[in-house]
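Taken in order, these protein sequences are the chains called A and B.
For what it's worth, this note's numbering labels the leading residue of the first sequence as 1, then goes sequentially.
For what it's worth, this note's numbering labels the leading residue of the second sequence as 1, then goes sequentially.
It should be emphasised that the hints constitute simulated quantities derived from the structure, not laboratory data.
Everything numeric in this text was worked out from a predicted model, so none of it was measured.
There could be a bad hint or two in this list.
Said to hold, decoys possible - Which chain B residues stay away from chain A? Per the calculated CB distances, all over 12 Å, these:
no., residue
1, Lys15
2, Met26
3, Gly31
4, Ala32
5, Lys34
6, Lys70
As the list claims (entries may be wrong) - In silico lysine to aspartate or glutamate, DMTMM-like type, Cα no more than 25 Å apart, as pairs:
no., chain 1, residue 1, chain 2, residue 2
7, A, Lys38, B, Asp57
8, A, Lys34, B, Glu90
9, A, Lys15, A, Glu94
10, B, Lys34, B, Asp57
What the hints assert, rightly or not - Derived coverage of chain B by chain A (criterion: at least 3 residues anywhere in the stretch with Cβ under 8 Å from a Cβ of chain A; other residues may be distant):
no., region
11, 43 to 51
12, 71 to 80
Idealized CB from N, CA, C, for every residue including glycine.
2 protein chains.
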Amino acid sequence: MSTPQQETTILVGKKPTTSYVIATVMSFNAGAKKVILKARGGGAIARAVSTAVMIRDRFLPNQVRISDIKLLTDKVTGQGGKERSVAAIEIVLERV
Amino acid sequence: MSTPQQETTILVGKKPTTSYVIATVMSFNAGAKKVILKARGGGAIARAVSTAVMIRDRFLPNQVRISDIKLLTDKVTGQGGKERSVAAIEIVLERV
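Turn these sequences into a full structure, and let the hints guide you.
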């Protein structure tokens with residue numbers, strides 16, 4: 001028996017925004033009720049926001065809503081072992 | 001009679017993040033109950049998110065919370081009159 005995955009998490013990184021848009025659409029089409037976009041650091045945060053609005057307004061309009069957004073500070077240990085803070089975002093997209 | 005401004009809107013653009021952090025702290029210190037950070041486009045969105053978490057977690061901890069976040073698509077008319085969509089964010093910071 002296969003149980004469709006209800007919730008998918010997509011880590012948004014350095015690929016072009018369209019990669020994450022496609023991954024999100026595929027997750028919803030595969031039966032996900034919820035897709036969580038997680039991103040850390042400037043460029044990735046911008047891509048996560050772009051992905052979310054493109055999905056909601058263009059690719060799955062009236063089918064998906066943004067149900068939650070969290071802004072976080074993550075601690076990252078950089079080269080040389082020095083700890084620094086980096087902004088992060090979690091955007092929850094949900095089937096309406 | 002001077003009435004303190006209850007709500008301030010800060011447009012986040014191309015300056016370094018610290019500029020917006022300072023502007024936000026000054027607004028709260030001047031008596032604002034609410035500061036709204038608005039940003040459009042990749043880099044500015046990242047700076048708005050960084051500003052918000054730095055204020056909440058580092059500069060005014062336990063004094064300010066993020067009470068609302070909106071993700072939007074704005075239409076922008078570029079060079080040559082061609083219209084394109086650009087992601088935008090509005091982050092509401094509020095005194096607790």
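Worksheet item: Going back to the hint list, which numbers does this structure go against?
Response: Number 6 only.
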